[in-house]
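Participant: So you can see what is in the structure, the chains are spelled out below.
2 protein chains.
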Amino acid sequence: MTIYEASGEDSERAADKLALGVAARLSRYLQVLTQARKMGKETISSQELADYTHVNSTQIRRDLSGFGKFGKRGVGYNIDSLVAQIRKILHTSGQQNIALFGAGHLGTAIATSDIFADHGFRVVAVFDVDRDKVGSRIGNLSVRHYRELREVIDDEEVVVAVLAVPASAAQTLADDLVEAGVKVIFNYSEALLQVPPEVTVHTSSPAVDLLYALYFYLA
Amino acid sequence: MTIYEASGEDSERAADKLALGVAARLSRYLQVLTQARKMGKETISSQELADYTHVNSTQIRRDLSGFGKFGKRGVGYNIDSLVAQIRKILHTSGQQNIALFGAGHLGTAIATSDIFADHGFRVVAVFDVDRDKVGSRIGNLSVRHYRELREVIDDEEVVVAVLAVPASAAQTLADDLVEAGVKVIFNYSEALLQVPPEVTVHTSSPAVDLLYALYFYLA
Numbered sequence: 000m001t002i003y004e005a006s007g008e009d010s011e012r013a014a015d016k017l018a019l020g021v022a023a024r025l026s027r028y029l030q031v032l033t034q035a036r037k038m039g040k041e042t043i044s045s046q047e048l049a050d051y052t053h054v055n056s057t058q059i060r061r062d063l064s065g066f067g068k069f070g071k072r073g074v075g076y077n078i079d080s081l082v083a084q085i086r087k088i089l090h091t092s093g094q095q096n097i098a099l100f101g102a103g104h105l106g107t108a109i110a111t112s113d114i115f116a117d118h119g120f121r122v123v124a125v126f127d128v129d130r131d132k133v134g135s136r137i138g139n140l141s142v143r144h145y146r147e148l149r150e151v152i153d154d155e156e157v158v159v160a161v162l163a164v165p166a167s168a169a170q171t172l173a174d175d176l177v178e179a180g181v182k183v184i185f186n187y188s189e190a191l192l193q194v195p196p197e198v199t200v201h202t203s204s205p206a207v208d209l210l211y212a213l214y215f216y217l218a
Numbered sequence: 000m001t002i003y004e005a006s007g008e009d010s011e012r013a014a015d016k017l018a019l020g021v022a023a024r025l026s027r028y029l030q031v032l033t034q035a036r037k038m039g040k041e042t043i044s045s046q047e048l049a050d051y052t053h054v055n056s057t058q059i060r061r062d063l064s065g066f067g068k069f070g071k072r073g074v075g076y077n078i079d080s081l082v083a084q085i086r087k088i089l090h091t092s093g094q095q096n097i098a099l100f101g102a103g104h105l106g107t108a109i110a111t112s113d114i115f116a117d118h119g120f121r122v123v124a125v126f127d128v129d130r131d132k133v134g135s136r137i138g139n140l141s142v143r144h145y146r147e148l149r150e151v152i153d154d155e156e157v158v159v160a161v162l163a164v165p166a167s168a169a170q171t172l173a174d175d176l177v178e179a180g181v182k183v184i185f186n187y188s189e190a191l192l193q194v195p196p197e198v199t200v201h202t203s204s205p206a207v208d209l210l211y212a213l214y215f216y217l218a
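These protein sequence lines are chains L and S, in that order.
For the first sequence, numbering that gives the first Met the number 0 assigns the number 0 to the initial residue and increments by one for each residue that follows.
For the second sequence, numbering that gives the first Met the number 0 assigns the number 0 to the initial residue and increments by one for each residue that follows.
Check before you lean on any hint, since a few could be wrong.
Same chains, same names: a pair is fine if it fits in one copy or spans any two.
Derived SDA-like pairs: lysine to any residue, alpha-carbon spacing no greater than 20 Å straight-line [unchecked claim]:
| # | residue 1 | residue 2 |
| --- | --- | --- |
| 1 | Lys182 | Asp50 |
| 2 | Lys132 | Gly103 |
| 3 | Lys87 | Tyr216 |
| 4 | Lys132 | His104 |
| 5 | Lys37 | Pro165 |
| 6 | Lys132 | Thr111 |
| 7 | Lys37 | Ser167 |
| 8 | Lys182 | Gln193 |
| 9 | Lys182 | Tyr51 |
Keep in mind that the hints were calculated from the coordinates and are not lab data.
Using the sequences plus the hints, can you model the full thing?
Facilitator: What follows is the structure in structure tokens.
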């Protein structure tokens, strides 16, 4: 739920980078553009982007015009070039290898969907400690034993780890990941993870996202 | 990824409600407080909240002081009372019934975890159209056929639907849900959903969350 970080104009990190709000909006545009492209659309208007992102169209045009001229009046934005530009601005044009931990239902759902692949993330390994799972196949990967963590992270230059493990296992895993050099941990468990300042933890929080969405219906 | 909505000070909805940034930060505090409570903590300091939320501690104290005095110097905030207060402020103290669509790996992961239950959401029904799945058990629920949608939504007063279905099925499902009176759709598919303005769609986007987290490492 990166959202809240975006609303913190007080972040100390903001100074030398895109304003957090801008980076957040660009990521949001990227999501909708990627969805639209998958549905076969080639162009999109600022009004359509506004409808899907809940950012108003004036703000959208302002954000996008700041990075050069993509839009043509009456035609809209070319989706492919906009995706490429935003990914370049966000420094995420390249491919990132991901290691996934936990081969349960959630891990399987993640490994077999293309939600990450669509954005340049490639799941290069799935780990578990359960003997019944190690060696089994998920998609086109074979589940590996946890003890191979270090080797895989080095060999595949993994910077991002996704944790689909029980809360009770998450901190020990995070410690091992930090030691192995992982820089971004995407945490699907409910554990509050302690990591050094140079490591970023992003905790998935669908229930809180839902509370927040519900607020606008109930309030 | 409600995040971006939070950064849009331009939302037309903001006027008669909490500022979007405040609602977003409160939701974020709520997530960390709930995690901390599960880990057995009873109190939390504004500095600890700051470490986990990436909102600075001055902002946190300001946000929380606006709603009455919870914190005691040197002791920190009582977690239980803070959770209760924030949920009251966000109008989400009550219980909400959820209908879950899709009994695949993702649906199973959602239905068998307590991520929603911890925040007052109860999954009251799981639906699928696959004959092999209908009638099977997930946790303590029996998977129901999609044709029972209307009846369940009426009987259980469901306002929130969670979509763990393929993108190709999502729009038709959304149409049926809107017709049945659902007001909040939590969309795990990649489809861009068209809904009337009174219905809120929240699309889960882990890959974009990850791109955003990665931005701060790469930039």
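Participant: For each hint, tell me whether it holds in the structure or not.
Facilitator: Hints versus structure:
no., hint, result
1, Lys182 - Asp50, "between (34 Å within a copy, 17 Å between copies)"
2, Lys132 - Gly103, "both (9 Å within a copy, 18 Å between copies)"
3, Lys87 - Tyr216, "between (36 Å within a copy, 15 Å between copies)"
4, Lys132 - His104, "both (12 Å within a copy, 15 Å between copies)"
5, Lys37 - Pro165, "between (33 Å within a copy, 13 Å between copies)"
6, Lys132 - Thr111, "both (15 Å within a copy, 19 Å between copies)"
7, Lys37 - Ser167, "between (37 Å within a copy, 11 Å between copies)"
8, Lys182 - Gln193, "within (13 Å within a copy, 37 Å between copies)"
9, Lys182 - Tyr51, "between (31 Å within a copy, 16 Å between copies)"
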